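Starting from the two chains in their separate frames, assemble the complex, guided by the hints.
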Amino acid sequence: MPREIAFGDALVPGLLVFFVLALLAMWVFDSLAGRFGLYRFVWHPPLFRVAIFVCVFGAFALFLN
Amino acid sequence: MSTAGTTSRMPITRQALAETMREEASIWLFVAKTLTALFVAGWIAMRVDLPSPSTAMITTLIVANRQSGLVLAKSFYRGLGTFAGAAGAIAMVATFPQQRDLLLVALSLWIGLCAGGATLYRNFKAYAFVLAGYTAAIVALPVIDNPPGVFDSAVARLSEVLLGVLVSGVISDVVFPTRMRDVLRRTARDQFAHFIDFIRASFAGTVPRGAMENAHLRFVRDAVTLEDLRSSVIFADADARARSNHLRLFNQRFMAASTTFQSLHHLINRLKRAHRERAADTLVRFYRPVSDALDTPIDAGVAARVLLPRLVAARNGMGASRATLRVELDDAQDLRDFDTGASLLLRFVDELHDYIETAASLQTPRVIAGSVERVRFDRGNDFLGAGIATLRTTLTMLALGVYWIESAWPQGAGALLNATIFAGLFATIPNPTRATWDLTWGYFIGMVLGFFCNFFVLTQLEGYGLLVAGTFPFIVTGVALMASPRWAGLGLGWALGLVYILAFKNMQVYDPAHFINDAIAQIVGLLAAAVSFLLIPPAIGSPWLRRRQLARLRAQVALAAEAPLPGLRHRFESVNHDLISQVAAQTTPGSVDSRALFAWALAVHETGRALIELRHDMARRGVPSTLRPYLDGALRDLARFYEKPDVAGYLLARDAVATAIAGVGEHGDSGHLIEHLHLVRMALLDGESILAAYMPDAPLSKEIAHAS
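The listed protein sequences correspond, in order, to chains A and B.
Just so you know, my numbering puts 11 at position 11 of the first sequence, and the rest follows in order with no gaps.
If you count the second sequence from 1, you need to add 1000 to reach my numbering.
Derived by calculation from the structure, the hints in this document are not laboratory data.
Just so you know, not all the hints are guaranteed correct.
[To be verified] Some chain B residues near chain A, calculated using beta-carbon distances under 8 Å: (1) R1241; (2) A1242; (3) L1391.
[Stated by the list, open to error] Now the stretches of chain A that chain B is said to cover, found in silico as 3 or more residues with beta-carbon under 8 Å: (4) 33-41; (5) 46-56.
It should be emphasised that the depicted structure is a prediction, and the values quoted were computed from it without experimental measurement.
C-beta atoms are modelled at their ideal positions from N, C-alpha and C, and glycine is treated no differently.
Chain B with its partners taken away, still in its complex shape (with noise of 0.2 Å):
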């Protein structure tokens, strides 16, 4: 006995060890490929004459990252973004030559509006906004008292930037470069195996309702993963960029593969609950021949394909074993139960044939051109959370600039534009205070050894192979703090800080009054920044905006109920993806707030496809005049209950969908549309799901078995 434990963990030892050793190997790679594109950087820099190699070298630093297509990406937008921060700046320059204050005004708008548009965006594209507001203050404001020489700084900080991408982007992709491509892939695959073997386990047995809610949410992680990892990818590899399509159709697929697998469970348990194991029982039986479809070991090796045969032949086989189990109900409401989860099924059968055929056809080697359908994305966006963040970056912008004119402070540009660049780049994250906290302390630190570094090495120092070996010390610990991921900020903030104090020039200047004052000015900015985080808290994971975005995930069923039908099921889906994606990257997993927000997803996602549907069957089949007013009753209470829960909507909402079934009823020709309706009740009468809070009473079994 003991001798086996002790062999089973010799090598998990020997593996920990191994991860640890890898994991080190790649932190130290990161710094060194960091530095040398720091270094050389600021040495092209100072060898074709920039007026700021400083810039160059930030630029390497803010763009560093331990994969390869993130820096690519991260260049790219913040190319895009220099170039039209400087456009801007030339613009409003020359707009108001000699009026500073108006100039300072025009300036605070424009930061505060690409801020409020960053909020707007995603990922890297945020970035861009962001760094086209601050852009401009940082080329307008050192010539604010000699216009003319707003084009030569444009270029200048241009060029610099430019160089610092280009130098970091080339030294990141060629030296040793972390394939993300072979990450994506993983995790698109991990995904898939996971997806697949937790249908095969819930399909086994029954999983309760808190497990199957994790793994929804598991689920709706990986996509929004591997949505960004998508959108990142496609800079550093030409191979996934032709793919791109693929993937995001494939994510699409399983976020209506995936909920709709929920929705289907959650129907069963209703009924087992119930105490309607007739119906659940055949219900189960009705769906064995998906869950042995599936029951095939896929490892890496065996491509998605093999499921797919297997899979067509299950469906084929349920259509033919659906009358054959009809049969053998009587009761008429476990016939009405087994109709709505038969339908449910095989929707969700359909999806799961689409989604394992994307996979399958992203796992061949050569990409078919154009074969896939082009996905467009609806975004889910809340204009007043924009509104909010361009106020506050304006206000911190004007409040400084006043302060700066009033006080005459030489230094106030510096501490104006360090304000202004925090203030717009932390706005997008959930966490702002806690994040400029961090970089505040590693300014402070950086600029300490700043000091060190400038008046007692460097001047003892002479050439550039001297001062990189001068500077090297200093640095190294900070550029290695910013590859662990908790010390990230303070890394980031002590490499920045360094090299930004040093301000290295071809002719270095040794003045310490100066070098003190800008360094005041610098932690000045910093601290005005987390302050205005302070007063005007971000509208990003605070509880208001959350509300606002349960309002609006909530009024997806009024779009679905109401909206006109073209394109409408493609519409629901992805403004749904959106929030959902948001709220997952906004909250901390497991928390009460992202556990409502999921739960209210599901309800709103499972009434709203089930409503789409019911809409659309009764487009294409036409309803009986005398039913129609039913319907479009039931539509309207529950668009209503929705928008505003309440207990009187939930009734209203309840009665209007019972009217409509048992109107339905009435019209023996219209028996399609009860599953619809049916699902719905279900969804309403559902005692464990997010709307019990609106239950004039405690649900009793009783209620849902009279559900039909």
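Extracted from the complex, chain A is given alone in its bound form (with noise of 0.2 Å):
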């Protein structure tokens, strides 16, 4: 993936599009997790939010070269 895109000759950082990707991501596993109440198991659920996030972004991010 390269670093930057061109969106109609508008060049926009691929950074910015795996951010998108991985609020996507994000909101699909939030979700699921809430319907099945995994967030009883987790001691400070906004946290582990956060952490996971920074999990799946950081992760998305090595696709960049």
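What follows is the structure, encoded as structure tokens:
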């Protein structure tokens, strides 16, 4: 994945695209976890969510070259 | 005696102290979190070299709230609105790149339409609309002389806002979050307990109409609060999001049950006033099983589920006792009153059962996915009110725009922006002039302090750490004021004005002349917004809109009488609910307006529900063709009377219902219809209801007695 992506000739940072993708992935994970009550096993759900997001976003960012 | 007094007073004092301390702690936690978010956002914005870090900082101030859920909800909609606004700005500048005047007109129209759209939505959705409007102005105005720069301007604005949103979202959700889920859970549980308690208490003895109406008002406001909470909590809490539909259903069923309960209570009161003691007493005896069934302590620990089997048993018992109680009555009118009351009561018990069932399933720790029916809400919107908001915002913007162009005022864009922002932002609240005034004072204070801060303190300092230390004493009071309900507007203005006028950049500019000009432009913009609210008063909260809402509410009876049947019950309930919640949000509790509206709402609900049930029965079991004209006539006359209430219409409707009742009486096989008609008739003749104003003479108890 290149560092900058052209959307209609406007250059958009690849990281931004990954950020949006990471948000989407996070949203899916979050609604699944909410539906099955997984957050009950976590001490501090928001902190957990932020941590998961950092992991997901960081993993996505590895695709940049 | 005295020792007992002091010992009982001591814990109260300690408790009050603890309460105060907790409140103070919560305020200062809010201040600490807001300021942290503010300065962290500013620092990151400067690090990544965004053109105006102060936008990110202002964003953190705007979304600041003591409840984490509200911060996330507002952030979400702020993000959405900014996206839409930036896209709109790019489209408009691309359409009129060289036509300053046309661009200004297009921009005014866009902002006006957004402000109008905002009045059609509730909560933060309205905010997103307003934001989409003025973001376009923020993006487009600075590049009005340099159209190719619009894309960069849009991207910069978007990144700054999103950065601010992200920082405050993370900080408010991670650092000592105030869990709104607990508030939501407590509210729902309190609502449930209050309601059950109230039913039990009023079954035990009679409650005067005033107290009953007050209780109903409180229930409606509870329902509205719960709905507001629900719409915000879903952003903070995945668990709550999974139950969101459940909660809606819970609220809807609550509204239905509480209104039917009120009709039932008024029915019995009416009977008692008309000295029809026997029918009333028999009804009271008939519903005794229900009050026995509910007579069990419901504490937080005990689930609502325990009530369900008891209620089912009570309902079965009532089905059996109905026949035996009926035998005791010999008078034909008593029998008919009893039948009417009994069917209303059975309907109430069914609704109560549904309500308790939803409450019980809400209390289970795990949600069964997709187990609940989706509830859709129809809105009772007023498009004329939206049109007025559109007109006002567009005119404000155009007037200032013309002034700006004609006077060639260098700071005109700033004034224009501020006027648009607040004309749009405050279009959806009940008392915008007052709010704008508070905010203007806050801005003024913030800017005066900003002057000292900028030219006497910040010039001596070097580096971001010292900048934070130098700004902190000036801003902390403003942020603390934001936490108090009374001074929230002033505090917000204070903090916003200060951060705006300091205009932090990587290369801080110190230019007193520009500073003062800018400050004046901001204040002029705010005052222009205040003037626009005076010249074209907001529709929301005005007597005019209230009259329209009232007409809309009464037209609900026509809807019940004439609209196609499929889905009508739900449509009727949800539009009623939406109208009532708008009224509840826009009037002060206990005012004459709010009482009149609720009295109408009750009459409309009672009659409308009875008409819908009547039409369902007519459709299900068929009506003899000789009877149909009477029933249709009654439906039509009732619809016309509620649409345009006057004495003549009242008489027509009353006589039409009486004729229909007589007609049904002649056809022995259509007896099931008579209960509904009878209920409508009794509501029409109730001398204490809002309809009393249209009765030709003071209704005699005799006449109510002859209602059957």
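Taking 8 Å as the limit, does the beta-carbon of A1242 (chain B) come near enough to a beta-carbon in chain A? holds (5 Å)
Outcome, coverage hint (the region 46-56 of chain A, chain B; C-beta under 8 Å; three residues): holds (count 4)
Is the interface hint for L1391 (chain B) satisfied, with its Cβ closer than 8 Å to some Cβ of chain A? With a minimum Cβ separation of about 36 Å from chain A (threshold 8 Å), the hint on L1391 (chain B) is violated.
Is the coverage entry for the region 33-41 of chain A by chain B consistent with the three-residue Cβ rule at 8 Å? Holds, because 7 residues of the region 33-41 of chain A bring their Cβ atoms closer than 8 Å to Cβ atoms of chain B.
Does the nearest C-beta of chain A fall within a distance shorter than 8 Å of the C-beta of R1241 (chain B)? holds (5 Å)
Comparing the model with each earlier hint shows a violation of hint 3 alone; every other hint is respected.
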